[in-house]
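Note that the protein sequences, when read in sequence, are chains D and C. Residue 1 is where the first sequence starts when you use the working numbering, and the numbers rise one by one after that. Residue 1001 is where the second sequence starts when you use the working numbering, and the numbers rise one by one after that.
Simulated from the structure, these hints should not be mistaken for laboratory data. For every residue, glycine included, the Cβ atom is placed at its ideal position computed from N, Cα and C. A couple of the hints might just be wrong.
Cβ-to-Cβ under 8 Å is the rule here; a few derived chain D residues that face chain C [stated by the list, open to error]:
id : residue
1  : S45
2  : E48
3  : R49
4  : Y67
5  : Q81
6  : R198
7  : E207
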Amino acid sequence: MAGWGSECRTTARPSALNTVVPIRVQMTKHSDEPTDRDLVLRARSGDERAYGQLVRRYMRSAYAVAYSVTHRHEDAEDAAQESLLVALERIDECRNPDRFAGWLMTIVRNRSRNLLRREGLRQTAEVPESAASGEPLPDRELERTELRGALRTALSELPPVQREIVLLHDLEGWKHREIAERLGIPSGTVRSHLHFARKALRKTLAERLERADADRTVLA
Amino acid sequence: MKTEQNDRDRELERMLRALDPGRDDDTYWPRFHRSVMGRALDELARRRVVADLTVADLVSSWGRTLVPTAAAAAVVAGFFLLRPEAAPADEALIAVEEALVEEGTSIPDLLRDEELPDGTGVVFASEIF
């Protein structure tokens, strides 16, 4: 069993989406968790709990990668779910179960691209989420919808690899080393992509970030 | 400067979390999980069946196929072996040596293409060994 951060570390931490836990606590908490290898081998024999754990461990990352390709919630959801099912159907083909995450993300990326291809290039402008119902949205909801729209636009201007890295790092909380291992690129390249992605996002979202800065100052 | 940069990164991170569909809906990820698991049930069951198969099961499953096939083959073979002997063919082949020593048949007659009065004829065949 490899330790934290080593090349074969396979136990994922909880997503940054819903938990903010110091790393040391996470290490202790998850040191007893089965590795990806254990779970993959058990899932191959139809172990429902093992597969369920794999799904719970990677559903958010699968969604983030799918979103980085499709830029749309519904498509990302479909692609992520389909990919998790395809991964089970083809789990015997996962030759290195320690690298399950990277293998799964390749499936997610391919499924997402296929989904986009199936739908054809979306030439028509996307219907804004706020237009889904005729009812006016509450201020907070409106703000979130606008923010999501702005993020979607900003992300769509990034190269695909930067988009994926920034989402896995900032949304999912994957470490540089984990991203490097799972995407099969050098750690330094991950850092560099993340740096440029953030820079570009900051530039595109400058107005919003300044507003957030101002709010923080007022609160302080 | 560095702190400001970190603040900006954290702010960006916070903004990106708006893309998490579970941020404002605690039930989203549990529903997502249930949906995947529900759709995976058949495949998981199939895998359990395959994994539970023992060597004996495998042999017996072969047996289930092999025994009827072997029985059918035996019946067919028996039928051919036990059926009444077929009537001798009209065109019996005899070797040239036999034909030459046969009484009452001259060689020119023998080599003639048409059928002889007794119903025999000549077929030239070559064999390569």
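Going down the list of hints, with the structure as the test:
no.	hint	verdict
1	S45	4 Å, holds
2	E48	5 Å, holds
3	R49	10 Å, violated
4	Y67	6 Å, holds
5	Q81	5 Å, holds
6	R198	6 Å, holds
7	E207	12 Å, violated
Checked against the numbered hints listed earlier, the structure breaks hints 3, 7; every other hint is satisfied.
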